[in-house]
Amino acid sequence: MNLDAYLKRIGYVAPVRADLDTLNGLMDAHVRAVPFENLDIHAERPILNTAEAAYEQIVTRGQGGWCYEMNALFGWVLNEIGFEVTRLSGGVRRAKLGDDALGNHLCLMVTLDRDYLVDVGFGGSQISAIALEHAETLHPPLRMALVPIEDGYWRLHEGGWGSAMSFDFRAEPADEALLARQHDLQISDPNSIFRKTLTAKIRRGRAYHTLRGRMLETNHPGRKETRVIQSVDDMRDVLRDLFGLVEPDLETLWPMMTARHKQLFPHAHR
Numbered sequence: 001m002n003l004d005a006y007l008k009r010i011g012y013v014a015p016v017r018a019d020l021d022t023l024n025g026l027m028d029a030h031v032r033a034v035p036f037e038n039l040d041i042h043a044e045r046p047i048l049n050t051a052e053a054a055y056e057q058i059v060t061r062g063q064g065g066w067c068y069e070m071n072a073l074f075g076w077v078l079n080e081i082g083f084e085v086t087r088l089s090g091g092v093r094r095a096k097l098g099d100d101a102l103g104n105h106l107c108l109m110v111t112l113d114r115d116y117l118v119d120v121g122f123g124g125s126q127i128s129a130i131a132l133e134h135a136e137t138l139h140p141p142l143r144m145a146l147v148p149i150e151d152g153y154w155r156l157h158e159g160g161w162g163s164a165m166s167f168d169f170r171a172e173p174a175d176e177a178l179l180a181r182q183h184d185l186q187i188s189d190p191n192s193i194f195r196k197t198l199t200a201k202i203r204r205g206r207a208y209h210t211l212r213g214r215m216l217e218t219n220h221p222g223r224k225e226t227r228v229i230q231s232v233d234d235m236r237d238v239l240r241d242l243f244g245l246v247e248p249d250l251e252t253l254w255p256m257m258t259a260r261h262k263q264l265f266p267h268a269h270r
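Counting from 1, one number per residue, gives the positions in the sequence shown under this note's numbering.
There could be a bad hint or two in this list.
To be verified - Only pairs whose alpha carbons sit at most 27 Å apart, straight line, appear in this in silico DSS-like list of lysine-lysine:
{"hint": "1", "residue 1": "262", "residue 2": "224"}
{"hint": "2", "residue 1": "224", "residue 2": "201"}
{"hint": "3", "residue 1": "196", "residue 2": "262"}
{"hint": "4", "residue 1": "262", "residue 2": "96"}
{"hint": "5", "residue 1": "224", "residue 2": "196"}
Claimed, not checked - Simulated DEER-style distance windows between Cβ atoms:
{"hint": "6", "residue 1": "133", "residue 2": "175", "range": "23 to 29 Å"}
{"hint": "7", "residue 1": "43", "residue 2": "266", "range": "23 to 29 Å"}
{"hint": "8", "residue 1": "252", "residue 2": "86", "range": "22 to 28 Å"}
FYI, nobody ran anything at the bench for these hints, they're computed from the structure. Backbone N, C-alpha and C define an ideal beta-carbon position, used for all residues, glycine too.
Just need the whole structure built from these sequences, with the hints factored in.
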């Protein structure tokens, strides 16, 4: 871990201490500098489930990552600074999928004056630590609601109270074997959303940008814009200029992206 290189990658210049202000500052800087993305999965490049590999991907190569990479790296960074960090097994959409979802998401808990949910790998939707209490918090232009549910689980709703997009977790150390199995399954399973749809997300200023295949959605406070990426060159420009990503295999991936777009948005204009 070259901590200075990581801080340079995310553009963080303030002093680092094991306190809440530093934690929130690092989270905000990370999600604005490092895109959530799954390009390696679609290009079928090898993906190793280690913090060292995540460092190579995000810091050395300047790319983005998904939850297993983002939070593995961020947890390592926090440990280096002196935070008390616990890796958690999350279950995205467990409300619908049941316990089979557990382990399909890696998130973190940081213990300071109390326990906090820390997650830079849920599409960059969370920009500051969330205390483990029943409350809604603002992460403009999004709201996040944390709710205690049965059997000691917490449920985080992306979008505020009752939002359908959510994940569950317990405030206890992750089952690392389960995380490893789910990591590999989501890469290899043809029914995995990570294999089906190329995705990238990033925050720029007050805007939150989401790319799903050829559909680019930008959420501003109080309004939303959408547009369809029309060509390989257009996609290359969007990935580079908006998300800071370079994809060498984009020509090969384009037919798959076009086919998936027709499945996701059958009534959308070309």
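Now the hints, each set against the structure:
no.	hint	verdict
1	262 to 224	holds (22 Å)
2	224 to 201	holds (15 Å)
3	196 to 262	holds (12 Å)
4	262 to 96	holds (25 Å)
5	224 to 196	holds (24 Å)
6	133 to 175: 23 to 29 Å	holds (25 Å)
7	43 to 266: 23 to 29 Å	holds (26 Å)
8	252 to 86: 22 to 28 Å	violated (40 Å)
Of the numbered hints listed earlier, the single one contradicted by the structure is hint 8.
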